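> Chain by chain, the residues run as shown.
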Amino acid sequence: MISTMQRLGAGLALLLALGGVATAQQLRVLNWQGYGTDEPWAVEAFAEEHGVEVVHDYFNSEQEMLTRLRTNPGVYDVVLINSSYTQQAVSEGLIQPLNPDQLSHFEQLDQSLRDHPYLRADGELYGAAWVWGATAYAVNVNEVTPIPTTLEALWAPRFSDRLGWRDDAVESVQLAALALGQDMNSPTDLDAIKARLIALGPQIRTFWSSEDQWNKYMAAGRFDIATYWSGSAARSRKAFELPIRFVIPEEGAIGWFDGLSIPVDAPNPELAHAFIDYLIGPAFYVRWDTEVGAPAPANRGAMAELPEDAFNRAVMGDPAVTGRLTFMAPIPDQRRNRYLELWQEVKAAIVQ
Amino acid sequence: MRCRLAILGLTGPAYLWLLVAVFLPLTAMLYFSVLSETPLGNREPVLTGEHYRAFLEKSVYRDLLWRSLGIGLEVTAFCALIGFPAALALSRAVPGRWREVVFLLVVLPFWSNGLVRTFSWTMVLGAGGVLDRGLQALWPDAPEVDLLFTRQAVVIGLVHAYLPYMILSCYLALQAVDDSLILAARGLGASHWTVFRRLWLPLGLPGLVAGSVLIFVPVIGAFMEPRILGGPAGTVIGTVIEDQFTQTFNWPLGAALSFILLAVVLLILLLAYPLRQRLERVT
Amino acid sequence: MILLGRVFLALVLVFLYAPIVVMMVMAFNASPLYQLPMEWSGRWFVALMDNRRLLSASGTSVGLALATSLIATSLGTLAALAFARYTFRGRRLLQILLLPPIAIPWLIIGTSLLVFTFWIGLPRGWPALLVGHVALALPYTVILVGARLAVVGVELEDAARGLGAGPWQVLWRVTLPGLLPGIAAAAAFAFAVSFDQFVISYFLAAPGTSTLPVEIYSAIRKGFTPEINAISTLIILLSMALLLMVARLYRFGGSR
Numbered sequence: 001m002i003s004t005m006q007r008l009g010a011g012l013a014l015l016l017a018l019g020g021v022a023t024a025q026q027l028r029v030l031n032w033q034g035y036g037t038d039e040p041w042a043v044e045a046f047a048e049e050h051g052v053e054v055v056h057d058y059f060n061s062e063q064e065m066l067t068r069l070r071t072n073p074g075v076y077d078v079v080l081i082n083s084s085y086t087q088q089a090v091s092e093g094l095i096q097p098l099n100p101d102q103l104s105h106f107e108q109l110d111q112s113l114r115d116h117p118y119l120r121a122d123g124e125l126y127g128a129a130w131v132w133g134a135t136a137y138a139v140n141v142n143e144v145t146p147i148p149t150t151l152e153a154l155w156a157p158r159f160s161d162r163l164g165w166r167d168d169a170v171e172s173v174q175l176a177a178l179a180l181g182q183d184m185n186s187p188t189d190l191d192a193i194k195a196r197l198i199a200l201g202p203q204i205r206t207f208w209s210s211e212d213q214w215n216k217y218m219a220a221g222r223f224d225i226a227t228y229w230s231g232s233a234a235r236s237r238k239a240f241e242l243p244i245r246f247v248i249p250e251e252g253a254i255g256w257f258d259g260l261s262i263p264v265d266a267p268n269p270e271l272a273h274a275f276i277d278y279l280i281g282p283a284f285y286v287r288w289d290t291e292v293g294a295p296a297p298a299n300r301g302a303m304a305e306l307p308e309d310a311f312n313r314a315v316m317g318d319p320a321v322t323g324r325l326t327f328m329a330p331i332p333d334q335r336r337n338r339y340l341e342l343w344q345e346v347k348a349a350i351v352q
Numbered sequence: 353m354r355c356r357l358a359i360l361g362l363t364g365p366a367y368l369w370l371l372v373a374v375f376l377p378l379t380a381m382l383y384f385s386v387l388s389e390t391p392l393g394n395r396e397p398v399l400t401g402e403h404y405r406a407f408l409e410k411s412v413y414r415d416l417l418w419r420s421l422g423i424g425l426e427v428t429a430f431c432a433l434i435g436f437p438a439a440l441a442l443s444r445a446v447p448g449r450w451r452e453v454v455f456l457l458v459v460l461p462f463w464s465n466g467l468v469r470t471f472s473w474t475m476v477l478g479a480g481g482v483l484d485r486g487l488q489a490l491w492p493d494a495p496e497v498d499l500l501f502t503r504q505a506v507v508i509g510l511v512h513a514y515l516p517y518m519i520l521s522c523y524l525a526l527q528a529v530d531d532s533l534i535l536a537a538r539g540l541g542a543s544h545w546t547v548f549r550r551l552w553l554p555l556g557l558p559g560l561v562a563g564s565v566l567i568f569v570p571v572i573g574a575f576m577e578p579r580i581l582g583g584p585a586g587t588v589i590g591t592v593i594e595d596q597f598t599q600t601f602n603w604p605l606g607a608a609l610s611f612i613l614l615a616v617v618l619l620i621l622l623l624a625y626p627l628r629q630r631l632e633r634v635t
Numbered sequence: 636m637i638l639l640g641r642v643f644l645a646l647v648l649v650f651l652y653a654p655i656v657v658m659m660v661m662a663f664n665a666s667p668l669y670q671l672p673m674e675w676s677g678r679w680f681v682a683l684m685d686n687r688r689l690l691s692a693s694g695t696s697v698g699l700a701l702a703t704s705l706i707a708t709s710l711g712t713l714a715a716l717a718f719a720r721y722t723f724r725g726r727r728l729l730q731i732l733l734l735p736p737i738a739i740p741w742l743i744i745g746t747s748l749l750v751f752t753f754w755i756g757l758p759r760g761w762p763a764l765l766v767g768h769v770a771l772a773l774p775y776t777v778i779l780v781g782a783r784l785a786v787v788g789v790e791l792e793d794a795a796r797g798l799g800a801g802p803w804q805v806l807w808r809v810t811l812p813g814l815l816p817g818i819a820a821a822a823a824f825a826f827a828v829s830f831d832q833f834v835i836s837y838f839l840a841a842p843g844t845s846t847l848p849v850e851i852y853s854a855i856r857k858g859f860t861p862e863i864n865a866i867s868t869l870i871i872l873l874s875m876a877l878l879l880m881v882a883r884l885y886r887f888g889g890s891r
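Residue numbers (the numbering used here), protein chains in the order written: chain A, 1 to 352; chain B, 353 to 635; chain C, 636 to 891.
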């Protein structure tokens, strides 16, 4: 008995040691999984240059990102915030102003994004514009012919039980608004939107809530057409070799751009600036898009360095296409809660 | 006097722990449930009953509660139907040496981590999964088996996860039954069925009831299995509550819904209490 | 009849193990997207050795489970003894108060602990996790030891007392040894409850201090590879060994 207890005690000590928190200096980043900042080569390059380990935590929705920031003060150094949420983060006192002087690539950023009011407050800069893209849908080119060109096509009988849909209230409402011709940023008829979404029920095979799920479902043939993001589509095609094509519909698509921010009590603000500077630079971006697949860059120079037929340069660089995008505006709390409620009701109605 | 000291000393530590870990937090959450918003930084919430009102006014929350209760009952029933006979078989049909081995085998799934078990079911149940392919291999014209993202998938996953609890609970009760009782009954000419009905069932009932409680309660608050196995069909009151805490940051609403769920659970347990009393008297 | 029982039991075991076997087999599939047909490979086990996140979470889980088992079994045995061997006013009330951790869905216990620690400004992580886990395991340990106590009966103790043994002697040499199967069951159960615990850990884990179930859930929700299968396979094999060791010591199957 005693020797067993001794053995157990030693084992416990060993395991507790394993379970302890690492002591090397860390830069903690909060981002979507697989969204550039956690690329092994990027992390390694930065670690080598600055002697710091880059550690990631992930979220599946902007809501979750905000909650993580709220409930973990003083933990994260860098956080990715969709520009339509930056103002909310500022007003809640979650992020701190950035110092553009510490960002050597700042001047290279496209002016309309760099100086965008969504990223600024009280004359201070709160987010460094990083990438932008569209939300619409992607299709499996091997299974779907002809390739549709409208949002309305999602409701077509030929896609019955073949559609994948992101389980997100805001995105769903906005896509339905676009399909109905309403202003996606202030829809006038929520009841019509709700009805349209419920009508989508028979089309939907599965909901998805992470890029990883999307890839696995598409690879398994679970759905042939699904809502998706442009940058993620690029990555699914290049890194995972899925036979897909991203479609920017005639009625329009949701436009967005993301900014990199620093939370208010970040443990390493200097290093955070350095990491952000690296990320918005052309070296990082070009390698990211050509090797993995990425959304469009805010850095004009980086865009110019891409091969001419790259999706981001050919399609996203085309004004005729980008003219169809409606960029996401910040959503006040009350309206967002209404969207969340609506979406819960839609899901409850759709279920078999 | 020594008696009282002994009782205090024996029960004190456990209950102190429960006070800090359960009762005080519940009180905190009760307070949160009547706040208008999560008290954080520069927000100034006020007292309000709006979240409880929301439950009464909006049918979606009630419907989801019903669904959770239904799933809970279904899972508990299946676990009882499968678990009790299994425990009986384990205690009576397996010779001593093997019993230990089989018992260990039954208990081992506890250790295999509920999440991975749940996610393994996604590989078994979906179209193109093990079940589908296996059926196609045996019977090439079979229709496609796609159980994933249905209520059935959630039930299967939950039964699989909680069955060992029932088997263990019933086994502990059945194992203590005196052999001589059974021998006497058989000697008096009782059939297997009569022995089961009049001896095994009543004597094993405490285990059955305990197991049912151990299963029903976690299941109605479950959100992990419904999310992973149920997809849209997996929206239950548990997932909505979880959303409030991890996504929408509407903690007061989550707290209010939690208390409503709690009230329902307590109601059911209160109804089951007389049953328990009667059992205690019998055994 | 006996045959029927064995067949049924065998089927139940198949049901319990089929997904686990599938999960283990898929740990050896080279495709990161779980695509079939199988391409046998051990790459995920190799990749695991570099996965600091998962290894750290495993360590936390095991350590936490051991601590929980120790504390919960001790506290639970003491309380069970009080209930079985003494009658006192308020006994019924105390027994009822033991119900909340079982009677309340873990979701509610987890979220209320989150709210509580948030409100009083306590950081989440190890202490909060331990508090929650032990609280969850306590009722089970009290019930399991109590069940054994109810069955063991007082005759032996009375006999020992009659032969002149003092209360401590009765406790150590008669009661506890007779209780051993119950205590062992309680300890094993408490370990399982803690190790497998997902819900409470989900709300109480902090960045940097996470348990294995929470990491796996995060991975499933956000992005995962068969590394998850690999570590689960290892954990099962490890716990099999652990369980066999415990069984050797305490003879689960049998003593009546």
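By construction, these hints were calculated from the structure, which means they are not laboratory data. Any given hint might turn out to be false.
With a cut-off of at most 16 angstroms between alpha-carbon atoms, the simulated EDC-like pairs for lysine to aspartate or glutamate come out as follows [to be verified]: (1) A:K238 <-> A:D309; (2) A:K238 <-> A:E64; (3) A:K194 <-> A:E345; (4) A:K216 <-> A:E241; (5) B:K410 <-> A:E171; (6) C:K857 <-> A:E64; (7) A:K194 <-> A:E341; (8) A:K238 <-> A:E291; (9) A:K194 <-> A:E171; (10) C:K857 <-> A:D38; (11) B:K410 <-> A:E345.
Just so we're clear, the structure is a prediction, and the values are computed from it rather than from any experiment.
> Next step is simple, just say for each hint if it's right about the structure.
Results for each hint:
1. A:K238 <-> A:D309: The given pair, whose Cα atoms are some 14 angstroms apart, holds under the 16 angstroms limit.
2. A:K238 <-> A:E64: 28 angstroms, violated
3. A:K194 <-> A:E345: 8 angstroms, holds
4. A:K216 <-> A:E241: 12 angstroms, holds
5. B:K410 <-> A:E171: Not satisfied, since the Cα-Cα distance of roughly 23 angstroms exceeds 16 angstroms.
6. C:K857 <-> A:E64: Judged against 16 angstroms, a Cα distance of about 12 angstroms means the pair holds.
7. A:K194 <-> A:E341: 11 angstroms, holds
8. A:K238 <-> A:E291: 7 angstroms, holds
9. A:K194 <-> A:E171: Distance of about 13 angstroms is within 16 angstroms: holds.
10. C:K857 <-> A:D38: Distance of about 13 angstroms is within 16 angstroms: holds.
11. B:K410 <-> A:E345: 10 angstroms, holds
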